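These protein sequences, in sequence, are chains A and B. Read left to right, the first sequence gives residues 76 to 655 (the working numbering). Read left to right, the second sequence gives residues 34 to 216 (the working numbering).
Possibly wrong hints are sitting among the right ones.
[As the list claims (entries may be wrong)] Chain B is faced by these chain A residues, among others (derived, beta-carbon under 10 Å):
{"no.": "1", "residue": "THR107"}
{"no.": "2", "residue": "GLN305"}
{"no.": "3", "residue": "ARG309"}
[Stated by the list, open to error] Cβ pair distances, simulated, as ranges:
{"no.": "4", "chain 1": "B", "residue 1": "PRO78", "chain 2": "A", "residue 2": "ASP80", "range": "44 to 52 Å"}
{"no.": "5", "chain 1": "B", "residue 1": "GLY79", "chain 2": "A", "residue 2": "LYS152", "range": "52 to 60 Å"}
{"no.": "6", "chain 1": "B", "residue 1": "LYS98", "chain 2": "A", "residue 2": "PRO81", "range": "50 to 58 Å"}
{"no.": "7", "chain 1": "A", "residue 1": "ASP80", "chain 2": "B", "residue 2": "GLN153", "range": "31 to 39 Å"}
By construction, these hints were calculated from the structure, which means they are not laboratory data. Just so it is clear, the structure is predicted and the values come from calculations on it, not from any experiment. The beta carbon of each residue, even a glycine, is placed where N, CA and C say it ideally should be.
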Amino acid sequence: MYVYDPVDQQLVEQRVAQFADQTRRFLDGQLTEDDFRVLRLQNGLYIQRHAPMLRVAIPYGMLASRQLRTLAHIARKWDRGYGHFSTRQNIQFNWPKLEDVPAILAELATVQMHAIQTSGNCIRNTTTDHFAGVAPDELVDPLVWCEIIRQWSTLHPEFAFLPRKFKIAVSGAVEDRAAVGVHDIGLQAVERDGKLGFRVWVGGGLGRTPIVGKLINPFVEWQDLLTYLQAALRVYNLHGRRDNKYKARIKILVKDLTPEVYAQQVDEEWQRIKGGPDTITQEFVDTIKSRFVWPQYDASAASDIDNTAALAAADKRFARWLRTNVHAHKVAGYAAVTVSLKPTGVPPGDITADQMDAVADLADDFGFGELRVSHEQNLILADVRRARLHELWLKLESLNLATPNIGLLSNIIACPGGDFCALANAVSIPVAEAIQRQFDDLDYLFEIGELDLNISGCINSCGHHHVGHIGILGVDKAGEEWYQVTVGGRQNGAAKPLPDLESTHGGGAAIGRIIGPSFARHQVPGVVDRLIRTYLGLRDSEAERFIDVVDRVGIDPFKQDVYADPAFAKPAPVAEAAHV
Amino acid sequence: MSEIYAHDAPGPHLIRNGRLEADTSRPFVPEPEVPAEGQVPADEPGWIVPLSVWKTSRATLRRHKHPVAVLLNPDADLTDLADADGTLHPEGIAFIAVDFPVYTDGRGYSLAQLLRTRYQWQGELRAVGDVMIDTIHYQARVGFDSFLVKPGHDPHKALDAFKTFTVHYQKTYLAPTPAAATA
Chain A
76 MYVYDPVDQQ LVEQRVAQFA DQTRRFLDGQ LTEDDFRVLR LQNGLYIQRH APMLRVAIPY
136 GMLASRQLRT LAHIARKWDR GYGHFSTRQN IQFNWPKLED VPAILAELAT VQMHAIQTSG
196 NCIRNTTTDH FAGVAPDELV DPLVWCEIIR QWSTLHPEFA FLPRKFKIAV SGAVEDRAAV
256 GVHDIGLQAV ERDGKLGFRV WVGGGLGRTP IVGKLINPFV EWQDLLTYLQ AALRVYNLHG
316 RRDNKYKARI KILVKDLTPE VYAQQVDEEW QRIKGGPDTI TQEFVDTIKS RFVWPQYDAS
376 AASDIDNTAA LAAADKRFAR WLRTNVHAHK VAGYAAVTVS LKPTGVPPGD ITADQMDAVA
436 DLADDFGFGE LRVSHEQNLI LADVRRARLH ELWLKLESLN LATPNIGLLS NIIACPGGDF
496 CALANAVSIP VAEAIQRQFD DLDYLFEIGE LDLNISGCIN SCGHHHVGHI GILGVDKAGE
556 EWYQVTVGGR QNGAAKPLPD LESTHGGGAA IGRIIGPSFA RHQVPGVVDR LIRTYLGLRD
616 SEAERFIDVV DRVGIDPFKQ DVYADPAFAK PAPVAEAAHV
Chain B
34 MSEIYAHDAP GPHLIRNGRL EADTSRPFVP EPEVPAEGQV PADEPGWIVP LSVWKTSRAT
94 LRRHKHPVAV LLNPDADLTD LADADGTLHP EGIAFIAVDF PVYTDGRGYS LAQLLRTRYQ
154 WQGELRAVGD VMIDTIHYQA RVGFDSFLVK PGHDPHKALD AFKTFTVHYQ KTYLAPTPAA
214 ATA
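Okay, chain A solo, but in the shape it has when bound (with noise of 0.2 Å):
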């Protein structure tokens, strides 16, 4: 966990005070509705449909436990006693008081957190893995990475007002956890002749226009991390479209100038600054990993005696869990654990305020006070030692925290849709909970395997549809609510390994193809179900997942097997759709 220095700190203080100020001269009629709302959005305080929506940054997806804590107050104090987890590892409040928000700021600051550029066209929360640090797979370490960037981008004056968002996200493993290929800029860590660089994808993204990023620079030295990242910002800066929002991501304009040109372009700019004051040094570098408290792992975890093999043998409920939600570390004798956000019944990624208390607690506990926040919209305790995996399920358990459920089908990333957010033309939780009821099955849902099912509320894609294995996508025609159906997305790599050519290409990330036209809203279960049977007819073997199998085959099985159902060929009339 990164721990603020005097700097960090005056910092953060400086932006509560200046939005206070900002706030306080908008409710005094001094700043008008126009002038203000940039300005508060790149505090990430949004107007909802009900109340203001603010969204709290957990930079890179780490929280400690006294953060969390924190969130738990604020939660009870200032909105309705609970928070949602984003798909962009950051927390929002769906209620708060827009006079309260500079005192939850005020508040925030206190335990080293802010709002500070989660909204707005400028350069948003880095995200990473969130197995980022423990995952044996790692090459290095993305979390210093995020925080040098973190650094360079808070209040970046040259990049504050830019066409539109901007995000970035890190990956350090092989096996890229970040969907590196869908964002604006992803790094993926590689080593060259010994020498740690990163490689740079450009203009992925999903939203109206899902595209998987282009490498532009297979190799940028670490030490040019910032240079490069600085001159392809200001290509963009100067050069994206700013005179149609829907076109004005970066994608558009590598789209329009090809990656090519773009890619060369932002060569020109680099080489004029490379080498320049932004060069990263070692010592920078060791000195930002000093200011984070790296767990201290118990070495003779290794030789723990564990009795968690036995334990699951006899109950199969445990076994499930330590199937799903246990993940490999790189420390002997230690585990990671997902605390599954994803019971069903429960707005995918909601929490309450004692929830929050309790999984802190349970992070100083088993977890050296850590936790990460998953894109998934899960937590994660990273550090657990495995001999005490069973005393912390049941712990878990008794919290409704424990679903076991990572990597499969009900494990559902879903936006808080038109329940909440003003944007969107249909809803997400009542549809991720009707498909979450369609499959209680336990059983069932180990039997179908690793499976992303997503849904957005609507074409800005905050539930990232386009890269679920399954997507749902809310849409509006003629003010009715229809939701269209894709397969075959994949935030990251496919199972067998991909040729190096198409690993240039976004990690392996792919936007998913649609099956045909929308379904109403209580369609959506069964065609899910639909989907399914096709797949499990198909597959070769159970190691075969539900993407591979579209890999393999297309989408066209998908396709017929559903629109052949009389119970889907045609939407149902809207009345019907109303009684769900």
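Dock chain B against chain A, hints included.
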């Protein structure tokens, strides 16, 4: 908007040399009917000319007793400002102004950085247009040293805004103070 003008503090709106002064400059608008080429303002103090005028008539303007200011739009091509040798020669230029048509158009920030670094512009660099209390800090950091604060924003509060942040992460950008606004 009219309501907000009611809050306007009377007096000057231009921050220059770290204090407020009256803005004495006036825009030179070429006749639209006539080709811009050859159109120059009279040899008097205070003119701001569009980049197109500077580009076509820099030799004439440089013979003037009174240098002109050059106004850049956000989509300005800085090579038009430079001479044929690619470098920016300051002769004849009173100051360079960069227009912010709306404060959310951030191109002016990169233009300012390029003027200060790549083109080595040492003279006055003025932010004009949608310049707010809330943008001045960033504008000072990228190299602006004079600021025409827009109506509705108290210029005295704008002067204070240089102190909004006393610490910064980005090493290559300036750390502004009102004193640093004195070029």
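Consistency of the hints with the structure:
For the restraint placing A:THR107 at the interface with chain B, the shortest Cβ-Cβ distance is roughly 6 Å, inside the 10 Å limit, so the hint holds. Interface restraint check for A:GLN305: the shortest CB-CB distance to chain B comes to about 8 Å, inside 10 Å, so the restraint holds. Because the beta carbon of A:ARG309 sits about 5 Å from the nearest beta carbon in chain B, less than 10 Å, this interface hint is met. For B:PRO78 and A:ASP80, the Cβ-Cβ distance of about 50 Å falls inside the hinted range of 44 to 52 Å, so the restraint holds.
For B:GLY79 and A:LYS152, the Cβ-Cβ distance of about 56 Å falls inside the hinted range of 52 to 60 Å, so the restraint holds. At about 53 Å, the CB distance of B:LYS98 to A:PRO81 agrees with the hint of 50 to 58 Å. A hinted range of 31 to 39 Å holds for the C-beta pair A:ASP80 and B:GLN153, which are about 34 Å apart.
In this structure, none of the earlier numbered hints is contradicted; all agree with it.
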